[in-house]
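Could you put together the complete structure from these sequences and hints?
For this note's numbering, add 30 to where a residue sits in the sequence shown, where the first one is 1.
Simulated DEER-style distance windows between Cβ atoms: (1) I83 / A151: 15 to 23 angstroms; (2) A154 / R103: 32 to 40 angstroms; (3) A154 / T49: 19 to 27 angstroms.
Derived from the structure by calculation, the hints contain no laboratory data. Where is the CB? At the ideal position from N, CA and C, for every residue including glycine.
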Amino acid sequence: MERVVGVGGDEDPVAVPATALTEAGVVEVDVSGRAVVVWALDGLNSALDAEQIPEGRPIGASWAFDPVLDEHRLTFTRVGEDGYIDTETGSVWNIFGLAVSGPLAGPQLDLVDHTDTFWFAWAAFHPDTRIADVGT
31 MERVVGVGGD EDPVAVPATA LTEAGVVEVD VSGRAVVVWA LDGLNSALDA
81 EQIPEGRPIG ASWAFDPVLD EHRLTFTRVG EDGYIDTETG SVWNIFGLAV
131 SGPLAGPQLD LVDHTDTFWF AWAAFHPDTR IADVGT
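Rendered as structure tokens:
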């Protein structure tokens, strides 16, 4: 069963395949003309695959943010297991969208509503979903 990260809700539903997101680390999508950046986080296991969660299949998690800060559009790449860097300033961001070092240290990106779920569940409620072109 394929997992996806769904963004856009009923307005402009977009699904990012979780396997592609995990591989890429960062995926940018357009939702109704608005940029959204989706970040992958490793280290979380499924509660559905084994008697004990630590024995479950690794599924990771995700966060989605508005990549515009003070009217400046930022682009991100993943560094390490749980860090992200913006290519414009070299600032380092944590999984919560908080700039932890570099020229932009201090501010936090605005969180965008998103859902980590199975494809069949997302598609049942959002049949007009676009699949994100991850380019991996």
